[in-house]
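Trainee: Kindly produce the complete structure, drawing on both the sequences and the hints.
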Amino acid sequence: MLLHVALVFFLFSSRSSAGTSGLEVLLKLKSALTGNKGSGLEDWKDSSSPTAHCSFSGVSCDDDSRVVSLNVSYTPLYGFLPPEIGLLDRLVNLTISGDNLTGRLPKEIEKLTSLKILNISNNIFTGNFPGKIIVGMTQLEVLDTYNNNFSGPLPTELVSLKNLRHLCLGGNYFSGPIPESYSKIQSLEFLGLNGNALMGKVPASLARLKNLKHMYLGYFNSFEGGIPPELGLLSSLQILDMASCNLHGEIPKSLGLLKNLDALFLQVNRLTGHIPPQLYGLVRLRQLDLSINDLIGEIPESFSLLTNISLLHLFKNSLYGPIPSFIGDLPNLEVLQLWENNFTFELPVNLGRNGKLKELDVATNHLTGSIPRDLCKGGKLYMLILMENFFTGPIPEQLADCKSLTKIRISKNLLNGTIPERIFNLPLVGQIEVNDNNFSGELPSKISANVLGILTLSNNRITGKIPPAIGNLKNLQTLSLEMNSFTGEIPEEIFHLHLLSRINISANNLSGEIPSSIALCTSLTSSDFSRNNLSGEIPKEMDKLKDLSILNLSHNSITGHIPYEMCELTSLFTLDLSYNNLAGRVPNCAQFVTFNYDSSLAGNPNLCSPSQVSCPLLPSQVQDSGQARGKFCSLVLIVFAVAFVTILLLMPPRQRCESKGGAGIVECGKAIPELKEVRRSLILGTGGPLS
Amino acid sequence: MAAPSWIWSLSLAVILGFVNGNSEGDALYTLRRSLSDPDNVLQSWDPTLVNPCTWFHITCNQDNRVTRLDLGNSNLSGHLVPELGKLEHLQYLELYKNNIQGTIPSELGNLKSLISLDLYNNNISGTIPSSLGKLKSLVFLRLNDNRLNGPVPRGLAGISSLKVVDVSNNDLCGTIPTSGPFEHIPLNNFENNPRLEGPELLGLASYDTNCS
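Protein chains in written order, with the numbering used here: chain A, 1 to 691; chain B, 1 to 212.
It is possible that part of the hints are untrue.
[Said to hold, decoys possible] No farther apart than 25 Å at their CA atoms in a straight line, the calculated lysine-lysine pairs in the DSS-like style are these:
| # | chain 1 | residue 1 | chain 2 | residue 2 |
| --- | --- | --- | --- | --- |
| 1 | A | Lys544 | B | Lys163 |
| 2 | A | Lys132 | A | Lys107 |
| 3 | A | Lys116 | A | Lys162 |
| 4 | A | Lys403 | A | Lys358 |
| 5 | A | Lys356 | A | Lys407 |
| 6 | B | Lys163 | A | Lys546 |
Worth flagging that the hints you see were computed from the coordinates, not collected in a lab.
Mentor: Laid out in structure tokens, this is it:
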């Protein structure tokens, strides 16, 4: 290395004055900064011109062609910082951020005594941070080492710097305590020590940093004790972030003195006690996050003075009492998250009237009363989460016009009335969860929410038919309609939904057959149609549902036999066909061996297990091997059916179309069904039973 | 650094230092980051949510613990992650018919509730971890149609619940276990493993020679 330096000095002296030294040094820098797999700095090329380096990208020179600024950032260099950097002794700005540089900082940096900005953030430098290199940089204003792999103690040599205003050592692995001496860096405006492995107590003496505007101490650090009350004296402070660093104790009331504070982040700690009412002094405060702590007590009435507040996070604490009505009057409130507390009484009726509300989550409290009408007055509400409370009354019609909504989660309440139609047409809504309420009435015939992925209406009192328009929900993945009073048939339009993976329509009054077009629904993994009045047979097309894992058709009136094709369903783990009218033999294949007969197939008196020697012959059985007589009977019936249909076709067309009923009558407008469909309806009879 | 600070604090708050709830979401998000997902099936996997129970292809139980991961036939590539082993309530791990590479993390042996492990039809290499012998509730083990090598771990014979095992179409070696649940596994579930010898003959010559 000494040889390198000597060589460079030799080259200096062998050329004319000033400039050329810069060119040589930069070329040396380039070869070190650019590692084996690195790229960049392509324009840093040797030249006969002594001042060529001043036009290199990222390089600025002074009038003497000496490099004063080197700014090469977000370039995939993958190299290291060599000692030659120390030769650029006129350097004022060294910014090499996000270049994937590794290794340690060379101590030659200490020669850069003119440096005002040293930014080596977002690299992979390791080792201790050599504090001694800083001592000579008396002009240093910015030191940014954010997001590297430095370890060891925080450097204390910085305290002698009189001009240091921005100090960011965050995002490293520094350990040990925050030095008390940091309180001496009076010029400091920005202190970032977040995301390290610091411990010990937060020094109260940091309160002496009268010019401090931003302080970040949280995330991965783990301090002893709590927030020093003295921090309330940091009168210039705009952002105080001490989130997620194991703080205990109470929130000091002196923090209410921070009248310039814009954001107070104390979430994810072990803070206890009440929220101090004195925090009303934070008149500029826009964001307050005290969530995920052990706070108790009520929201202070004095918070009505925090008229600038736009974000209020108090979730996951043990707060109680009412949500004060002034919350509905806060003129700038955009985000209100109070979930998982013990709040009682009603939501403020004015909530949302400020026209700015975007997010509301009050889930898992003990709230009562009705949903305020004007939540979406400004047309900006995108998250509405009220679940797990005791809300009563209907969904306000105004919410059905809230086109900005993306999430509606109001399940597990006591809401009633009909779900407004237009909710199912909101253009941006991805989740609608209204399950476990007292909703009644019918679903609308017009449904068009084409971003909707989750629709859960289960455990309500909804009546009427399942609208075929559900087939318009092109992005639907989960459909949950169970435990209602739906009637009519399963509309086959549901099965045109290519992304539908979970469907549950159990515990309703559905009738009719399972459409064979269920086979189109190729993403189905879980399908529960149990506890209805479904009839007909299990479509053998079910074998197309290759990812089907759970199939529950129990407690219906399904007849026929279990299609052998179901043996192809190698993902079918849970099968429940119990309490139906299935007949014939259970398929004797590997997949069916894994099912527990008692839980999967019980309650089908005519169903024979593979171990039964003989199986009663029934007219519906046309597949049983070796039952020649059965085959003969079906042959006769087929001939009969063909004849019958031929006669029908020769009849004059009917004037009015009736719904189908009785064997052989084709529904008006539908294509003539395939022969086997006719045979099936003849044999099993939609009128009187033949089987 | 100051400008998006609240977004940073906001999203990190829910991810980091959480009580116990979201370590499962973190583990799954680690899986998302190591998979390549051209069909965007993992688009709903939002790590800022308090748990992964509203994510598509995830099923939770009533305590918001993940019980199923259904990503069969989803055009995924990339590799599995050891963090999957943290899903203690996971019963069904369905990753079949993708293009997943790399090895089977031995941490999957920690999935003590696992009933089904379906990794078949992928591009997985390495050995079958012997830690899978700890999966005492396992019923389905399908690793067929991969590039697995090494022996069939003998510990699997101690899983009495095992009903379906398929390791065909791999590069396994040694002998085919015949004890415990393996008494009922048909031989063609071991076929197309050129170096896999026949069923082990208990009490005779040592098995698994030249197969580490």
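Trainee: Now, for every hint given, state plainly whether the structure supports it.
Mentor: Evaluation of the provided hints:
| no. | hint | result |
| --- | --- | --- |
| 1 | A:Lys544 / B:Lys163 | holds, 24 Å |
| 2 | A:Lys132 / A:Lys107 | holds, 8 Å |
| 3 | A:Lys116 / A:Lys162 | holds, 12 Å |
| 4 | A:Lys403 / A:Lys358 | holds, 12 Å |
| 5 | A:Lys356 / A:Lys407 | holds, 17 Å |
| 6 | B:Lys163 / A:Lys546 | holds, 20 Å |
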